[in-house]
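Q: Make a model of the complete structure from these sequences and hints.
Protein chains in written order, with my numbering: chain A, 2 to 505; chain B, 28 to 411.
No wet-lab data here; the hints were simulated from the structure.
There may be inaccurate statements among the hints.
Here are some, though not all, of the chain A residues that point toward chain B, as calculated from beta-carbon distances under 7 Å [as the list claims (entries may be wrong)]: (1) I333; (2) S334; (3) I337; (4) T345; (5) F351; (6) D356; (7) L365; (8) A366; (9) T372; (10) G374; (11) L375; (12) V377.
This one's a predicted model, so the numbers in the text were calculated from it and none came from an experiment.
Glycine residues also receive a C-beta, built at the ideal position from the N, C-alpha and C atoms.
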Amino acid sequence: MDTLLEMRSITKRFDSVLALDNVSITVKKGEIHAIVGENGAGKSTLMKILSGVYPYGDYEGEIIYKGETCRFKDIRESEKQGIVIIHQELALIPYLSISENIFIGNEQAKRGLIDWNVTHQKTKALLKQVGLDENPNTLVSNIGVGKQQLVEIAKALSKRVDVLVLDEPTAALNDIESENLLNLLLELKKEGITCILISHKLQELLKVSDQITIIRDGKTVETFPNENVDENRIIRGMVGRDILDRFPARDVVPGEVLFEVKDWTVYHPDIADKKVIDHINLYARKGEVVGIAGLMGAGRTEFAMSLFGGAYGAKISGQILKDGKPLVLKSISQAIDNGIAYVTEDRKQFGLLLDETICRNTSLANLKAVTQGLAVDEIKEKRVAEDYRGKMDLRARDVMQHAKNLSGGNQQKVVLSKWLFADPDVLILDEPTRGVDVGAKYEIYQIINELARQGKCVIVISSELPEVIGLSDRIYIMNEGRIVGELPQAEATQEAIMERIMEH
Amino acid sequence: MSTIRGNIKQLGMIIALVAMTILFQITTNGTMLLPGNITNLILQNSHILILAIGMMLVIITGRVDLSVGSLAGFSSALSGIFIISWGLPLWVAMPVVLLIGALAGAWNGYWIAYRNIPFFVVTLAGMLAFQGLTMAVLGGGTIATFPRAFTQIASGFLPNLAGGGFNVTAIALCGLGALVFVVFELRKRKTIQKFEGEVASMPFFLAKLILIAGAIMLFGYWFAEARGMPIIMILLAFLVILYSFIASKTVMGRHIYATGGNPKAAELNGIKTKKVVFWVYVNMGMLAALAGMVVAARFDAASPRADAGFELQAIAASFIGGASPLGGVGKIVGAVIGAMVMGVLNNGLRLLGHGADIQLAITGFVLLAAVAFDVYVKTKSKSA
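A: So this is what it looks like as structure tokens:
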């Protein structure tokens with residue numbers, strides 16, 4: 002196969018920080034080329050250079066595409082050449098329809114008037130191509146993330162696309178949706194479209210890619226064909242060392258039951274008679290890590306948030322018991338006061354004050370503990386934050402650094418610090434390692450083990466089955482708002498869990 | 028480094044303020060910095076400063092209050108009715124007006140926080156309603172004149188301890204203020220050092236101390252040369268210190284910043300964001316009532332159209348002083364600087380013989396420039 006695209010010795014600095022150091026990558030025509038690396042390794046930066054988000058002159062090195070040197074000034078120019086990038090955060094407009102979104106900026110118009118017939122016909126053809134069975138007039142806000150991702154791809158295909166760059170396309174998708182998306186990529190490959198795929202999900206990469214390039218600390222480490230490669234091989238390249246055990250061992254024998262939920266039923270906050278959570282019973286022992294597995298949309302987050310002082314839902318009924326005593330939690334602050342903590346799945350939107358410092362984020366849920374009289378004791382607060390920075394091995398210059406400047410894994414460590422400082426007895430962790438790279442994942446697992454060792458109950462919600470299985474003593478399986486199975490770790494396999502989901 | 032970047036706009040505004048003052052000092056042939064003019068400047072802008080303090084907190088929560096000008100007008104009308112028409116003693120009338128202001132703020136806050144009505148609509152409605160109520164209460168006329176004790180609040184001066192001539196009270200009070208400031212800063216530096224915190228380098232720290240203490244003393248000198256220590260200045264200093272303390276040191280203050288910075292995250296951290304928003308509006312209402320009384324006291328009359336555009340000036344002062352329209356960012360000191368920038372601008376232009384037309388136009392440009400600068404700095408630091 003011929004070389005389609007070559008990025009040669011790309012170097013990019015942000016002020017004095019070297020983000021990319023002499024990175025080179027060669028992509029052949031018609032292949033699926035995976036780029037992997039830890040968070041902050043520079044993958045997205047490289048793609049932003051390719052697509053002209055960082056214009057020519059902003060970086061050193063050269064881009065050779067179809068045999069010519071390219072100097073893109075903006076995205077428009079790279080798109081004209083057939084390089085289309087789909088970003089991690091979808092760029093769809095929620096209150097416009099699918100067809101309007103697909104042709105936004107590229108309206109099918111004559112003399113300024115949009116030709117809706119042409120728009121619809123083309124949309125239908127594109128939706129068929131990506132395998133999305135939806136009416137073109139449906140509003141994007143009314144379809145799920147998985148389908149939105151397909152709309153993004155349809156949008157890319159509506160332009161002349163030779164190279165499709167996907168940045169973490171399956172991060173927010175469940176297993177089935179991911180599967181569909183990956184199959185679509187294989188279809189597109191048959192049609193001759195070259196793909197650059199950035200992903201943290203190694204299994205996916207191994208499944209679809211032809212070549213794999215590993216980037217570490219802003220440098221290209223290696224590129225190799227996807228032959229006889231396994232996950233450990235990639236992980237070794239990404240972190241620069243072997244991770245023998247992906248889940249650290251824990252030697253805690255769970256004690257008596259600490260936390261119990263009985264007959265928990267929750268209704269949708271807006272749709273009056275829609276039952277979201279249906280008579281859930283669940284318990285957790287001291288020092289136990291309990292997993293909740295399920296597909297996206299199974300109601301796991303809704304369940305956890307409804308427990309957390311009614312942060313979600315309406316007409317909540319049922320009982321929460323702690324140490325055998327019933328708790329009535331009318332507000333989130335009451336839940337926190339009663340030793341319950343919920344660590345959100347979406348740390349950027351719901352977990353952190355991005356414009357604030359690490360220090361202020363750490364103390365946020367337990368300001369009382371650093372307050373003397375009327376005033377917050379800022380020195381004590383800083384010492385607490387420094388203390389957690391050490392414990393968590395938080396990679397930051399100091400605790401006065403702003404949360405938005407941290408990588409995903411380090412942001413998650415700040416969120417965890419905050420809740421550890423609040424010193425809860427029951428911790429509900431919702432997707433604690435989403436968007437976190439392999440090395441930091443391991444550290445987060447260690448923190449979870451340490452919490453169990455301290456006799457706390459840890460409830461982990463995760464869409465990654467290997468993670469739930471590797472981490473939990475016991476696993477509840479949830480589907481459509483109900484618990485459809487319970488497995489001890491010894492019996493838990495991916496097949497056993499999927500079976501229970503599918504049965505219901 | 029991060030703190031320097033964080034303060035860059037405020038520092039920029041201070042430099043702009045000083046540069047502007049020097050420019051006017053030259054173009055007005057020295058009238059700008061005459062002690063009498065400085066005193067006037069303070070007296071004429073005191074109500075905007077009071078409103079800007081409350082507005083800063085509202086803006087930090089990511090909202091705005093358009094009703095404060097009308098509410099201030101309504102409060103000044105009420106003070107006229109209570110004090111002049113009904114002859115109530117000041118110690119009854121003034122707390123009652125403050126209470127009514129707080130209730131009006133609670134009315135706004137209730138609809139915004141608990142009923143989810145957009146703040147723009149609620150406070151616009153308030154703006155119209157309070158304007159109407161003012162006219163209704165005053166019946167279209169003007170009520171004058173207030174007892175001397177009341178007008179003293181806005182235009183009175185502390186008696187001179189030394190009798191006539193140079194005003195010893197003013198210089199002594201400012202000296203005391205400067206001393207307290209220096210002692211506090213030194214103590215703060217010591218405690219930070221004790222716990223191995225990072226502090227600014229000694230020369231930098233000293234320069235800051237001398238500049239600020241010097242500025243306080245300079246004001247003391249101006250006041251002493253003119254009519255003495257304005258009573259309103261004491262009130263303003265008290266408010267600035269009190270609200271700075273609340274905003275930067277208390278749990279309530281943290282909750283206000285968190286509510287504005289990321290309401291959903293704040294909520295999930297157990298912060299009762301609705302309650303925070305409600306009380307910030309209650310506070311704004313109370314400060315609006317205070318500002319209204321200060322205006323009434325200065326004009327020695329309660330009149331229907333005394334409140335023109337106060338709310339917009341307070342909002343502008345907050346933005347010029349570093350607040351972010353998106354919420355979560357801003358300092359009380361910023362509101363003070365913003366109000367001073369606008370005060371100096373208006374005063375300087377007036378001294379040069381320009382009318383309200385030019386003053387408004389230029390204020391508009393300064394507001395836009397200040398926010399544009401802020402956005403520019405932010406986008407630069409984001410890409411870095």
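Q: Run every hint past the structure and note whether it holds.
A: For each hint, the structure was consulted:
1. I333: Given a least distance of 5 Å, the restraint on I333 (chain A) holds.
2. S334: holds (4 Å)
3. I337: Interface hint status for I337 (chain A): holds (4 Å vs cutoff 7 Å).
4. T345: With a minimum Cβ separation of about 6 Å from chain B (threshold 7 Å), the hint on T345 (chain A) holds.
5. F351: Interface hint status for F351 (chain A): holds (5 Å vs cutoff 7 Å).
6. D356: Holds, because the Cβ-Cβ distance from D356 (chain A) to chain B comes to roughly 5 Å (cut-off 7 Å).
7. L365: holds (5 Å)
8. A366: holds (5 Å)
9. T372: holds (6 Å)
10. G374: violated (10 Å)
11. L375: Given a least distance of 6 Å, the restraint on L375 (chain A) holds.
12. V377: holds (6 Å)
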